[in-house]
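Enquirer: What follows is each chain in one-letter form.
2 protein chains.
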Amino acid sequence: MTFHYPNGQAYLVHDDKKKSKKQLNKKKVSYSNRGMSLEDDLTRTNEYYLLKNRAVIHKKPIPIQVVNVDYPRRSAAKITEAYYKKASTTDYNGVYRGRYIDFEAKETRNKTSFPLKNFHEHQIKHMNACFEHGGICFVVIRFSSINRVFLLNFPQLKNWWQQQFDENGKKSIPIKALIKEGYEIKYSLAPRLPYLDLIDTLYSFK
Amino acid sequence: MTFHYPNGQAYLVHDDKKKSKKQLNKKKVSYSNRGMSLEDDLTRTNEYYLLKNRAVIHKKPIPIQVVNVDYPRRSAAKITEAYYKKASTTDYNGVYRGRYIDFEAKETRNKTSFPLKNFHEHQIKHMNACFEHGGICFVVIRFSSINRVFLLNFPQLKNWWQQQFDENGKKSIPIKALIKEGYEIKYSLAPRLPYLDLIDTLYSFK
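Order-wise, the sequence lines are chains V and G. Letter 112 of the first sequence, counting from 1, is numbered 113 in my numbering, and no numbers are missing. Letter 170 of the second sequence, counting from 1, is numbered 171 in my numbering, and no numbers are missing.
Incorrect hints may have been included.
The list treats identical chains as one, so a pair stands whether inside a single copy or across any two.
[To be verified] Mimicking EDC-like on lysine to aspartate or glutamate, the simulated pairs with C-alpha atoms at most 16 Å apart in a straight line are:
{"hint": "1", "residue 1": "86", "residue 2": "41"}
{"hint": "2", "residue 1": "60", "residue 2": "92"}
{"hint": "3", "residue 1": "126", "residue 2": "48"}
{"hint": "4", "residue 1": "53", "residue 2": "133"}
{"hint": "5", "residue 1": "61", "residue 2": "92"}
{"hint": "6", "residue 1": "159", "residue 2": "182"}
{"hint": "7", "residue 1": "126", "residue 2": "167"}
{"hint": "8", "residue 1": "60", "residue 2": "122"}
{"hint": "9", "residue 1": "171", "residue 2": "40"}
{"hint": "10", "residue 1": "60", "residue 2": "41"}
No lab work stands behind these hints: they were computed from the structure.
Use the sequences and the hints to build the structure in full.
Expert: Rendered as structure tokens:
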């Protein structure tokens, strides 16, 4: 199944032609592709914003614990053993209109709700601290099966996060709630995901 | 040679007892140790600021290009081939008093001046963009041989960076200039390097 942007351009699925038996593990492949496309869209969006001098926002590198490094040549240290570490913060941060901006991007294959288990306690804590210090904090959620992307500001996310621990608390955010409490980010040509326009509305910037 | 904090505590030199022939390559060892101690001091300082709810500032992970990953078990992906990538931004960023804060930390073994070649063009460009967008941008420079640490605000760093391309331009910043145009960060017990106090002075925060 191929998704298309409103302009007809298809999503690139990078490893279509190279599927090994291992990669055919359905869950693993789907996670990988899901990660690629929203991340790719946001990276290109941020590059556009940087080019247009609108904001300076970067994705942080993935935290990796290096265990062993070979030095075959002085100029090219080769890491031969390393492991992925759990991120202690969010994926994206930077500066916009002098303000600190910090957000996390997540995808789901679900069509009607977003499972809260996709967030980690430490990410919520980090966003809470940033928000309390005056930062602009939010999440970008993509429903990959229906290709709709939403922005939810941190205070609303916090409410949803906290209610899950109540008796009969919901374990996911219904898409209807995202439509009502959040903002849908509509794909465009450039930038692909114009999320800063929604931030302008949300924070009443001119 | 062992350095001591004003409180008498010695710097930890982690690989003293494990020096292989390769590690005895003088330049390599010195770079490694230099990196460890200023980074360690700043990490502990940032942890202190986070604990005291004064600011949310983290070091970004080192960017690594992963080439090959083994999956011996589902839960522990092992990276078997990877390479260090050049950082496109600075090492530290976060939020302080609602403002975006962004800085780079560097060390030198020199005693009288800091060589400008320690900065990369793209780091200066990144800091320039952040500063223009209203961020708080500066560098922390440690002279490891004499154990003195200075904070230099971005506008002053930019002047020094640019003059090096002039005829007879200096290729390093004399320590005298750092004393005059910057601020010395005096070691303390907690936080180890109280650089935010200097930011308060510099940006006239109460």
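Enquirer: Decide, hint by hint, whether the structure agrees.
Expert: Hint-by-hint comparison with the structure:
In this assembly of identical chains, residue 86 and residue 41 lie within 16 Å of each other by CA distance neither inside one copy nor across copies; the values are 21 Å within and 19 Å between. Taking the closest pair of Cα atoms, residue 60 and residue 92 come within 16 Å of each other both inside a single copy (6 Å) and across two copies (13 Å). With identical chains, the CA atoms of residue 126 and residue 48 are at most 16 Å apart between copies only, with a shortest distance of 14 Å across copies and 28 Å within one. Taking CA atoms no more than 16 Å apart as the test, residue 53 paired with residue 133 passes between copies only; the shortest distance there is 13 Å, against 29 Å inside one copy.
Taking the shortest Cα distances, residue 61 and residue 92 sit within 16 Å of each other both inside one copy (6 Å) and across copies (10 Å). Taking CA atoms no more than 16 Å apart as the test, residue 159 paired with residue 182 passes inside one copy only; the shortest distance there is 12 Å, against 44 Å between copies. Taking CA atoms no more than 16 Å apart as the test, residue 126 paired with residue 167 passes in neither setting, with 18 Å inside one copy and 48 Å between copies. Taking the shortest Cα distances, residue 60 and residue 122 never come within 16 Å of each other, neither inside one copy (20 Å) nor across copies (20 Å).
In the homo-oligomer, the alpha carbons of residue 171 and residue 40 never lie at most 16 Å apart, since the shortest distance is 27 Å inside one protomer and 42 Å across protomers. For the homomeric pair residue 60 and residue 41, the shortest alpha-carbon distance inside one copy (10 Å) is at most 16 Å, but the shortest distance between copies (23 Å) is not.
The structure is inconsistent with the numbered hints 1, 7, 8 and 9, although it conforms to all the rest.
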